[in-house]
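*Asks:* One letter stands for each residue in the lines below.
2 protein chains.
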Amino acid sequence: MQQTPLTIVDIFERAERMYGDHQIVTRGPAASTYTYADWARRTRQLATALDELGVSEDARVGTFCWNHHQHLELYYAIPCSGRVMHTLNIRLFPEQIAYIIDHAGDEVIFVDRSLLPLLLPVLDQVTSPQKIVVIDDGSGPEVIDNERFFDYEQLIEGRDPAEFDVQDENQAAAMCYTSGTTGNPKGVVYSHRSTWLHAMGMTSTMTIAVSNRDRALVIVPMFHACAWGMPYAAPFCGAELVFPASDMTPAGIAQTIQDEKITIAMGVPTIWQGIAPLLDDYDFSTLREVTAGGSAVPRSLIKLYRDKTGMMIVQGWGMTETSPVCTIARPELRDLDKSDDEKLDIAATAGTIVGGVQARVMDMDSGEQAPWDNETTGELQVKGPWIAREYYKPENPGALSTEDGWMRTGDIAAISPAGTIRIVDRTKDLVKSGGEWISSVDIENILMAHPDVREAAVIGIAHPKWTERPLATVVLADGVEPTEEKKAEIADFLRPQIAKWWMPDAIEFIDEVPKTSVGKFSKKDLRDKYADYELPDAAR
Amino acid sequence: MQQTPLTIVDIFERAERMYGDHQIVTRGPAASTYTYADWARRTRQLATALDELGVSEDARVGTFCWNHHQHLELYYAIPCSGRVMHTLNIRLFPEQIAYIIDHAGDEVIFVDRSLLPLLLPVLDQVTSPQKIVVIDDGSGPEVIDNERFFDYEQLIEGRDPAEFDVQDENQAAAMCYTSGTTGNPKGVVYSHRSTWLHAMGMTSTMTIAVSNRDRALVIVPMFHACAWGMPYAAPFCGAELVFPASDMTPAGIAQTIQDEKITIAMGVPTIWQGIAPLLDDYDFSTLREVTAGGSAVPRSLIKLYRDKTGMMIVQGWGMTETSPVCTIARPELRDLDKSDDEKLDIAATAGTIVGGVQARVMDMDSGEQAPWDNETTGELQVKGPWIAREYYKPENPGALSTEDGWMRTGDIAAISPAGTIRIVDRTKDLVKSGGEWISSVDIENILMAHPDVREAAVIGIAHPKWTERPLATVVLADGVEPTEEKKAEIADFLRPQIAKWWMPDAIEFIDEVPKTSVGKFSKKDLRDKYADYELPDAAR
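Protein chains in written order, with my numbering: chain A, -2 to 537; chain B, -2 to 537.
So that you can see chain A by itself, here it is in the shape it has in the complex (with noise of 0.2 Å):
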């Protein structure tokens, strides 16, 4: 057989040949609509840019942008060029991006003009980038006028366009950090191989199935796992492509699926969680699908779009260390009698390990492999050509991996016979009451499905007997009176559905649940809250 490389260059030249005349479009305030046609063009003036800036050959180019087609460029244009593109996280604290540029040595910037606020005063922290490019995208402060900064289309304008040549698949073609619950955010780099594999994976019908017939909507960051690979898979099948850039509000992305007649759309629970009140008021019947991850959806918000809409949201699971596409929760062949109570249980899961991935789960008293019966629990660990084997310049070499090359993912998870996945925790989200474990999602998702509670999170609390004991901390929804009667009438809800020894010892009423950058429920802040809180003497 020939040695064809995988390589995004394989990629970026089958969407310029083929699909020329299909559309990529960005909103917000700098909309355009171009095509597939104008992308590639461009793409290769600015990689000719890049060498004309003096970026070097194997160089780190950071992004630091909305999702917009000017990110789609930076996408093809960097590791195209044999350069490592380093999507930087614009939800995380200074310090953090300083860390992260400066621990990625990166040489150059790409900036949206509108996140030059939230930039500015990280440059003032680091050594790495010495240039910054900046992408007018409607909004934010004037540009500064010396040496440092350019202008993202005088860079690239009249640029001759690059040949793209990248022979070695290994090679590493982006990276991305990932905020960890502990110590410095840790880099996980894609090889183009892995990239090429998981694009090919997401065309397939083990995952999202997204073709040529598919308008997608990226709502999922570009600097979260690289959009969890739509802009990588979109443009190899020929699917036309819609950027929300900075408009995130539910009401502007359920006009952007109005008006964009989109077929299918990617974002974190908490965006179709923001929608569901508007599904009444927009046209969504273009939707094929809607993909969630990055956390669990709960069954209720399934049941809600099903019965509004009469189209499942599929949930897969997934990590920045595992490019990120693992799993996807979707009825089979097997599943197509059920019931539609059954359905929603399915979809409800995290969903069936992908062709290309594989899983175990591996018990946390024995060091066992843990059977496929849907019941023993233990951490979830996982193999296959996109899942990352080490960090980037790690601070605990060989942490990441088990001895016999598995990546430990740290979830605490069961798999079914039919390879059926179900996260009942990360590892230190666990409650440890009496010497069993007490899963927090099971709980958390049991209260989310009353219709007087917007959102819940459940932490242990020490105890003097049991070692934990569970608190529920509820956000209720808007209106609702938050009085003792509400606690107990929770609570009733709650009793019949879980083990005695489960529920939790008190209830408390939050106002929101603080969230980590990418929007997932931060159990560590919430643990840092309650400290010192001190659960009922009835408990004791």
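Treat the hints as calculated values from the structure; they're not laboratory data. Hints may contain errors.
[As the list claims (entries may be wrong)] Which stretches of chain B does chain A cover? Using the computed rule of at least three CB atoms under 8 Å from a CB of chain A, they are: (1) 0 to 8; (2) 202 to 208.
[Stated by the list, open to error] Derived DSS-like pairs: lysine-lysine, alpha-carbon spacing no greater than 25 Å straight-line: (3) A:K258 to B:K335; (4) A:K429 to A:K484; (5) B:K258 to A:K335.
Ideal placement from N, C-alpha and C gives every residue a C-beta, glycine not left out.
We have chain A; now place chain B onto it with these hints.
*Replies:* Same frame as chain A, now just chain B:
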């Protein structure tokens, strides 16, 4: 990223773990229904049996079989244990089969009992295989009772299951000889990597998107380019598999489609032509798609299926040397608003280049790359991770590839701006008239749209003035009288649809178009038959 190899073991273990309850069905005299779990257990036992039979660790192992579940066991046990599966084409001449067995150096051959009469005469002519394992497929002669012959079921019964471990994804996995029109048959070797990637590709929306909701009927012989990859793609994604075994009659296949609730079926156009008269007699409502390849599907046949069943015949183009899928003909996003007639036109092309494959057309005169204008024709050349670089022990080393690493297909084609390939002819099947090329395929397709024409084949006849002039040989439909009036009527039907100088100088009625062993028109045999043919004087 982890360096997880792309191997058939990965596909096997996925099917074994996740689709244990899915069915594999064999039809015919030794009908059987079992599960992927059964298949996996027997496959592991078969691998142990190969060891105990004394088959070398990297041996070539021949198969001489119909499509059935035992053949699927061989498809995995041989490569997953590190050996190379060599599928022998049962339709070749004995001398060709003997040549191929010795050229590959097969150590053992697995043969169906019903096919022993074809293989036994060959065994006298070969030096390679010492051992013959007979699979009882329900008919055929008694098995010879001597130490050279083994019974398949006795061989695997009670064996321990083997553990599989293939670490080098570039290791050879399977081989298949292509019966060229010149010289000896040529061996193509597939690697684990090429097989994995092609199988993943088959589950992609860029090809046929086979999924775990499908029940796939594999009509295309498993000795023909690994049955177009379906025996690897289906276990990968969990599609159920149905094999016709030796029951390849149109009525038998139609009955299988109805009984087994087939959703997708793959076979050469001749099969679909044969089934066409039965479309009203059987229930084809579960079929979502029929895939055809191997030779061009006449537009009239696609239209007939569409009109009767509402379903398109989706055709692809490929060769044994290309694993085989390189193109697929399916309306895309840009085609969805087109008329039914325009969609038929799309379905009647050779299809659009699939993800992973690159194609180009080289102008036969200038040697330059031709533009993608759907007009300029030249030799079609392809590149990609499942395209052969070289034949096995080639007679003419280097002849298959160009100096810059593209595979020469020998087909003459044009490519449209959207990457759709129009096969004009085989290099040697073009008719060269007055320095210009006439496409025999185009003329044949028009002739076959005439209601009285069942098959048509056009060849070039030597001509003193024009070098060559076309002769149309025509097989009439049942009951149509072969009269001079009919010839004139067919010529009148053809004339307004082609250029004047393309008009065949004569039409001859024949009983049957000679076919190659894989069911393609054998222009070579036709040319031999008409070697001394005299064109009518009027044409000179």
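*Asks:* Count the residues of the segment 202 to 208 of chain B whose CB lies closer than 8 Å to any CB of chain A, then report whether that count reaches three.
*Replies:* Answer holds; 5 residues pass the 8 Å Cβ test.
*Asks:* Would you check the hint for A:K258 and B:K335, treating anything up to 25 Å between C-alpha atoms as holding?
*Replies:* holds (18 Å)
*Asks:* Does the structure keep A:K429 and A:K484 at a Cα separation of 25 Å or less?
*Replies:* holds (24 Å)
*Asks:* Within a Cα-Cα threshold of 25 Å, do B:K258 and A:K335 meet the stated pairing?
*Replies:* Given that 25 Å is the threshold and the Cα spacing comes to 18 Å, the pair holds.
*Asks:* If you look at each residue in the segment 0 to 8 of chain B, do at least three have a Cβ nearer than 8 Å to any Cβ of chain A?
*Replies:* With 4 residues in contact (Cβ-Cβ under 8 Å with chain A), the coverage given for the segment 0 to 8 of chain B holds.
Consistency note: the structure conflicts with none of the earlier hints.
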